[in-house]
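Asker: Please build the complete structure, drawing on both the sequences and the hints.
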Amino acid sequence: ARNRAILRAIPDWMFLTTLDGVFLDFHAQDASKLYAPPAAFIGRAMRDVLPAPVAHALAEAFTRAIATNEPEKIEYTLDTGGREGFYEAVVVTCDGDKILSIVRDITELVVPDVSPVGTSPSRCSVVVPALVPDNFSTCT
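Residue 74 in my numbering sits at position 74 of the sequence shown; the count goes up by one each step and never skips.
Calculated directly from the structure, the hints in this document are not laboratory data. Warning: the hint list may mix true and false statements.
[To be verified] Simulated crosslink set (DSBU-like; lysine-lysine; CA at most 30 Å straight-line):
hint	residue 1	residue 2
1	Lys98	Lys73
2	Lys33	Lys98
3	Lys73	Lys33
[Unchecked claim] Distance windows between CB atoms, simulated:
hint	residue 1	residue 2	range
4	Thr63	Ser32	25 to 33 Å
5	Ile66	Glu108	27 to 35 Å
6	Leu19	Lys73	15 to 23 Å
Keep in mind it's a predicted model, so treat the numbers as computed, not measured. We put the beta carbon where it would ideally sit given N, CA and C, even for glycine.
Answerer: Below you can see the structure in the form of structure tokens.
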């Protein structure tokens, strides 16, 4: 019951993959916001599901996380539902033979609508600091 409550409280997406990037499981409060429906990615390699630049960046982060046993953070863009979204993924090794990726949609932080009332929207980029808790490197 406690684990379900924790998952309900976390708005981020979670993906459990093999070390070489095959999707095993996921958690998302609203699966319709994902890049692909779960049936299209569970059991498949991320390189077969995600655009090549995103899959490559994630694979490199996996390699670094495996080598250092430390959390690795990457940021990337992905077109979802006809809009460009900005995402931050933190990946950690899990149980010795898996990778846990926690993905946050940071679009509103990176590209806020800063238009004054009565004018057209403008977009600007801001720097988002990396916040990774010290105790984030373990998975049970």
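Asker: Give a verdict on every hint.
Answerer: For each hint, the structure was consulted:
1. At roughly 17 Å between alpha-carbon atoms, lysine 98 and lysine 73 fall within 30 Å of each other, so this suggested pair holds.
2. Pair hint lysine 33 plus lysine 98 holds up; C-alpha atoms about 24 Å apart against a cutoff of 30 Å.
3. Between lysine 73 and lysine 33, the direct Cα distance comes to roughly 21 Å. Compliance with the 30 Å bound is thereby established for this hinted pair.
4. Hint check: threonine 63 to serine 32, Cβ distance near 31 Å, so the stated range 25 to 33 Å holds.
5. Look at isoleucine 66 against glutamate 108: about 32 Å separates their beta carbons, and that is inside 27 to 35 Å.
6. Under the hint 15 to 23 Å, the C-beta atoms of leucine 19 and lysine 73, about 18 Å apart, fit the expected range.
Checked against the numbered hints given earlier, the structure satisfies every one of them.
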